[in-house]
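Number of protein chains: 2
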Amino acid sequence: MNSGEQTVGEIGELALLDVILAELKTPDCATVANGDDAAVLRHSGDTVITTDTMIEGPDFRLDWHTGFELGQKLAATNLADVAAMGATPTVLTVAIACPPETRVDFLRQIARGLTHACDRLAPGTAVVGGDLATAKQLVCAVTALGEMCGRKPVTRSGARPGMVIAYAGLLGLSGYGLQLLAEHGRQEAERLCPRALYEHLTPSAAVSAGVTAAEAGAGAMLDVSDGLVLDAARITRASGVRVSLSSEQLQRVNAGRVDPPGPPLNSMLYGGEDHGMLACFQAASVPPEFTVIGQIIAGRPAVLLDGEELSGSGWDPFQNSGNLSSQAP
Amino acid sequence: MNSGEQTVGEIGELALLDVILAELKTPDCATVANGDDAAVLRHSGDTVITTDTMIEGPDFRLDWHTGFELGQKLAATNLADVAAMGATPTVLTVAIACPPETRVDFLRQIARGLTHACDRLAPGTAVVGGDLATAKQLVCAVTALGEMCGRKPVTRSGARPGMVIAYAGLLGLSGYGLQLLAEHGRQEAERLCPRALYEHLTPSAAVSAGVTAAEAGAGAMLDVSDGLVLDAARITRASGVRVSLSSEQLQRVNAGRVDPPGPPLNSMLYGGEDHGMLACFQAASVPPEFTVIGQIIAGRPAVLLDGEELSGSGWDPFQNSGNLSSQAP
Numbered sequence: 384m385n386s387g388e389q390t391v392g393e394i395g396e397l398a399l400l401d402v403i404l405a406e407l408k409t410p411d412c413a414t415v416a417n418g419d420d421a422a423v424l425r426h427s428g429d430t431v432i433t434t435d436t437m438i439e440g441p442d443f444r445l446d447w448h449t450g451f452e453l454g455q456k457l458a459a460t461n462l463a464d465v466a467a468m469g470a471t472p473t474v475l476t477v478a479i480a481c482p483p484e485t486r487v488d489f490l491r492q493i494a495r496g497l498t499h500a501c502d503r504l505a506p507g508t509a510v511v512g513g514d515l516a517t518a519k520q521l522v523c524a525v526t527a528l529g530e531m532c533g534r535k536p537v538t539r540s541g542a543r544p545g546m547v548i549a550y551a552g553l554l555g556l557s558g559y560g561l562q563l564l565a566e567h568g569r570q571e572a573e574r575l576c577p578r579a580l581y582e583h584l585t586p587s588a589a590v591s592a593g594v595t596a597a598e599a600g601a602g603a604m605l606d607v608s609d610g611l612v613l614d615a616a617r618i619t620r621a622s623g624v625r626v627s628l629s630s631e632q633l634q635r636v637n638a639g640r641v642d643p644p645g646p647p648l649n650s651m652l653y654g655g656e657d658h659g660m661l662a663c664f665q666a667a668s669v670p671p672e673f674t675v676i677g678q679i680i681a682g683r684p685a686v687l688l689d690g691e692e693l694s695g696s697g698w699d700p701f702q703n704s705g706n707l708s709s710q711a712p
Numbered sequence: 384m385n386s387g388e389q390t391v392g393e394i395g396e397l398a399l400l401d402v403i404l405a406e407l408k409t410p411d412c413a414t415v416a417n418g419d420d421a422a423v424l425r426h427s428g429d430t431v432i433t434t435d436t437m438i439e440g441p442d443f444r445l446d447w448h449t450g451f452e453l454g455q456k457l458a459a460t461n462l463a464d465v466a467a468m469g470a471t472p473t474v475l476t477v478a479i480a481c482p483p484e485t486r487v488d489f490l491r492q493i494a495r496g497l498t499h500a501c502d503r504l505a506p507g508t509a510v511v512g513g514d515l516a517t518a519k520q521l522v523c524a525v526t527a528l529g530e531m532c533g534r535k536p537v538t539r540s541g542a543r544p545g546m547v548i549a550y551a552g553l554l555g556l557s558g559y560g561l562q563l564l565a566e567h568g569r570q571e572a573e574r575l576c577p578r579a580l581y582e583h584l585t586p587s588a589a590v591s592a593g594v595t596a597a598e599a600g601a602g603a604m605l606d607v608s609d610g611l612v613l614d615a616a617r618i619t620r621a622s623g624v625r626v627s628l629s630s631e632q633l634q635r636v637n638a639g640r641v642d643p644p645g646p647p648l649n650s651m652l653y654g655g656e657d658h659g660m661l662a663c664f665q666a667a668s669v670p671p672e673f674t675v676i677g678q679i680i681a682g683r684p685a686v687l688l689d690g691e692e693l694s695g696s697g698w699d700p701f702q703n704s705g706n707l708s709s710q711a712p
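Heads up: the protein sequence lines correspond to chains A and E, in order. If you're matching positions, the first sequence starts at 384 in this note's numbering and goes up one per residue. If you're matching positions, the second sequence starts at 384 in this note's numbering and goes up one per residue.
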């Protein structure tokens, strides 16, 4: 029997670990890697850390995502959070809990996807450790580290009136892809708009733009995980400012990279998981990969579109629990 | 209604986060803490990272552990892995996934336990970030970081013939506590041997001994998570040596700190989760908090007790899945 068709319960933890380790690389910064109580890393400057969990049901569906895609999504999400501080990502750790009947090949593909996304989005970065366990449903908890290399961290609180707000990466495609998946299932979503589908399954995540923005003196930054409006609102609250977006400028974000008409404006405003960088700059300092989409203005925190205040809409895993799994594919 | 009696599904993620953040401290090394895409830490020397998952069923039972105890156990387990490299622990990140019907107070108590164990085992260390999500069962994934402060990492591969092997911390109590819990339930276990019960629920974890050992020039070290014999076998394989343990010396480990007769020899050899430090030293360099329990000798990797080779016994989460939850309380 080919080990790929076996289940993790059949081959056990040690054999499974060998399968997974064969798909991983050693990160550039590691002086002690997998195989000891802990890994040891050489960072330049301060260390950045973020963690995120993805769970079968609320966060992904096994009939929508292959293991290879899920691995890429796990890496992209966490690398983007590190990049959004202006840091250079260095390593990931990955804790996976899954039912014993999970196929070995599915976990092998997750590992392969993690490595693929690291190579593509942040070369030199790799998985340096992790943990395997059993659970009733698939749970993946990823922690990502980065190094500041002497740069000043870019928080959410440095947006000031007079700055512009700009975005690097694709916008609204991932959310539109999710909508197509939920309404039509994977096969039909792929026919209707493959670009949106794949941005949802394996987000491009504008990781390298994070360092660029920090070097250009960005005053505030985050990556768009929960939708442009909700994430922009986080900057307004942390900085005590208003963000005034322009729908005309927003339409330029995807121009030249996505066939017209592109995702609907609603997906650009409220769709999440694109993991592009949303940053505020002095107008003269916007790096070329960023597109200006609005202004920072004084006043009570709020997000405006063409002068009208938008009501934010949030994602709450507890109050929305299971909504993906209850939708028909 | 008191928020402690509400469920996480009732109050939602943002309110839950406020409850949890109120129980956390800011770690000494953080320059940017909770509330941004990622935290930023100032480490002295190289950075150490480890991750571990605990899952309801295979790893703990909610009728055995209070939230406060579970939080302490989560912290102790991960702090010990950092310490076992000879590093000073600095921060934890904690990803928790739980059913929406989980009581808010249970998660508050986990947070309180995490902070309590950090204060007790590694002052200055604290939880610097995390993630909350919903799942069918409680899953806790913890990542711990540490700083080498210029010390050389102590791996598993530096044990050499002529060294002694020594242990710091309590040995066999946690495993004995687990056995009592499984055989008699919590109330009776508490009556029979409270010390063993509480070492299982909230391990003492000899965290500070890790740095002491590194400074004394330890050649190899790990923390005893899976049982002395199994963990000693890891040193023998990584270093290409044999470990020869003495039952007479082993009996001295707990002397003066545990009322006689102490845990059975079997628990000392095969019980895990004490999280004491097992380290190899030149005989003249053993720090006072370590008790010599044997010798490193040349030969094919194996663990011996009083000259007889022991067969190791391993813990495989996939091949032992659910064994705790299937045991009668």
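These aren't lab readings, by the way, just hints derived from the structure by calculation. A few of these clues could be false.
When chains are identical, the list treats them as one kind, so a pair holds in a single copy or across two.
Listed next, the in silico DMTMM-like pairs over lysine to aspartate or glutamate satisfying Cα-Cα at most 20 angstroms (straight line) [stated by the list, open to error]: (1) K535 - D502; (2) K519 - E484; (3) K408 - E573; (4) K535 - D411; (5) K408 - D446; (6) K519 - E672; (7) K519 - D446; (8) K519 - D488.
Results for each hint:
1. K535 - D502: neither (25 angstroms within a copy, 29 angstroms between copies)
2. K519 - E484: both (10 angstroms within a copy, 17 angstroms between copies)
3. K408 - E573: Result: close neither inside a copy nor across copies, 31 angstroms intra and 47 angstroms inter.
4. K535 - D411: between (22 angstroms within a copy, 19 angstroms between copies)
5. K408 - D446: neither (28 angstroms within a copy, 41 angstroms between copies)
6. K519 - E672: Result: close neither inside a copy nor across copies, 43 angstroms intra and 42 angstroms inter.
7. K519 - D446: both (17 angstroms within a copy, 19 angstroms between copies)
8. K519 - D488: within (18 angstroms within a copy, 24 angstroms between copies)
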